[in-house]
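**Student:** Sequence:
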Amino acid sequence: MKISFVVAVYHNEGALVKTYEKINSVFSNQLIHDEYEIVFVDDGSKDGSLEEVLSLRKHDTRVKVITFTRNFGQMAAMLAGFKEATGDAVINISADLQDPVELIPQMVDKWHEGSEIVICYRTDRSDSLLAKLFSRLAYGVLRISLPQIPPGGFDFVLMDRKVMDAFNAIDVRHRFFQGDLLWTGYRTSFIPYIRLKRTIGKSQYNFGKKLKNFLDGVLDASYLPIRFISLIGVITSALGVLYSLSIVFSWWRGETPFSGWAPIMIAILLVGGLIMVMLGVIGEYVWRINEEVRKRPNYVVRDKFL
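Residues in the sequence shown are numbered from 1 upward in steps of one, following the working numbering.
Do not rely on the hints blindly, as some may be mistaken.
[What the hints assert, rightly or not] No more than 25 Å apart at the CA atoms, straight line, and that leaves these computed lysine-lysine pairs for DSS-like: (1) 83 to 58; (2) 2 to 22; (3) 83 to 304.
Source of the hints: derived by calculation from the structure; they are not laboratory data.
I would like the entire structure built from these sequences, with the hints used as guidance.
**Tutor:** Rendered as structure tokens:
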């Protein structure tokens, strides 16, 4: 059996050789009867990441390299790697040594036992308190509409070839990896692990990228925002009716329903704020529709070394 590894690369200089060596060690000592290839996708790095993987390519033809014209994002790099992977199974793994390669034999065993997707999900992570809180909140919201997503989320995953083909057949922009993968409905196994602390370099997955991924998950993988808008609209309308009844009752008793402009301003601000939030969410959907209509590719490849 041949197993492909897809590694999205962005400013990971210094970690890529070690990632390669660890994967090679697993196949040299444990998975000796299986073949492998590693597809590195350089997502417009401006450090020495590209030179590092090209050096690996010179010494090992099992190393494949794809380079982008600029930074298109981690999801785009993963998509490019998935399309070039030729293995019977494909493993997506991080380039920063935070995903323990020691789990690879266990993942392969579950695949041989009949699992078509093997997900290693994070039960904890060696990150800052703020990052942990954001992750817990984000996945808590996502699990409302996608309860099959593990609480800590996942990126470290093995996919059977038919799963990979089904995933690659989805032709949309703003992909949400976890939601699209679970949507396919193939037999899935789960392996818990603690995400390791990054020891080389600095993470490029900043708050803006995390927020973008969260929005892609909420907007593309569920109808939760539309339902939320509908719920807020119903609640606001109900409160408006009750308040109108109280004004009529006060008028019937000859009382002034309010003493000045403050209640009017509060009502205007609350309703105006709700309208702006709703328009913003609807705008996100309209923007995504516009992106789909334009049919621009998710990435532009500069070179391939396959």
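**Student:** Taking the hints in turn, state whether each one holds.
**Tutor:** Tested hints:
1. Between residue 83 and residue 58 the alpha-carbon distance is near 22 Å, which keeps this suggested pair within the 25 Å criterion.
2. In summary, the hint linking residue 2 to residue 22 is supported, as the alpha carbons are separated by about 17 Å, within the 25 Å threshold.
3. Between the alpha carbons of residue 83 and residue 304 the distance comes to roughly 12 Å, so the proposed pair stays at or under 25 Å and holds.
Checked against the numbered hints given earlier, the structure satisfies every one of them.
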